[in-house]
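Let's have the full structure, built from the sequences with the hints guiding it.
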Amino acid sequence: MDTKIVLVGYMASGKSTIGKYLAEELDIEFMDLDDAISTKVGLTIPEIFETKGELFFRKIETKVLNELLVENKGLVIATGGGTPCYGNNMKDIDVQTKNTFYLKLSIPSLLERIRKEKEQRPLVTQLDDKDLPEFIGKHLFERSMFYAMAKHTIECDNKSVEEISGKIREFLV
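All letters in the sequence shown, in the order written, are residues 1 to 173 by this note's numbering.
In case anyone wonders, no lab produced these hints; they're calculated from the structure.
Please read all numbers here as calculations on a predicted model, not as lab measurements.
You can trust all of the hints, since none of them are fake.
Taking CB as the label site, the calculated pair distances span:
id, residue 1, residue 2, range
1, 131, 49, 14 to 20 angstroms
2, 171, 51, 36 to 42 angstroms
3, 35, 92, 16 to 22 angstroms
4, 51, 91, 25 to 31 angstroms
5, 42, 141, 32 to 38 angstroms
6, 171, 119, 32 to 38 angstroms
Note that the Cβ used here is the ideal one computed from N, Cα and C, for glycine as well.
Here's what the structure looks like:
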């Protein structure tokens with residue numbers, strides 16, 4: 001299989017977890033876009049944000065994304081939560097593959113997940129827990145039109161990795 005499968009969605013929506021599982025099932029490579037960026041730059045994502053800023057991060061993100069999209073091999077790509085929202089990233093993704101999936105979770109589900117891993121999330125590290133629901137809601141509102149550009153939306157609340165992966169496989173072109 002030499003198809004590209006791209007997973008989009010808000011932070012902590014399960015893109016990396018689902019992506020790894022799906023890639024293993026399909027016997028193709030998995031790539032977390034943030035990991036690819038970290039490798040290219042030689043810094044963690046929080047370090048990039050801290051030392052070089054978000055604008056630098058977004059530019060390198062677009063470059064690495066496009067490099068992955070044109071590779072001639074099967075690949076599951078887990079994007080960052082903001083990846084589809086910057087530049088022409090979502091259009092570029094849609095040009096390269098019809099296998100785009102928005103992993104959609106409710107605000108309460110996202111809140112529960114994000115609270116557990118706040119320290120690894122540069123955008124919310126400094127936020128008070130009480131401010132998270134409003135932050136997530138506002139962000140989702142701003143980003144939802146980009147996520148909706150994915151060819152398929154998978155409702156992920158209360159679903160297992162296996163169920164979500166199975167649903168994605170049903171839609172593969």
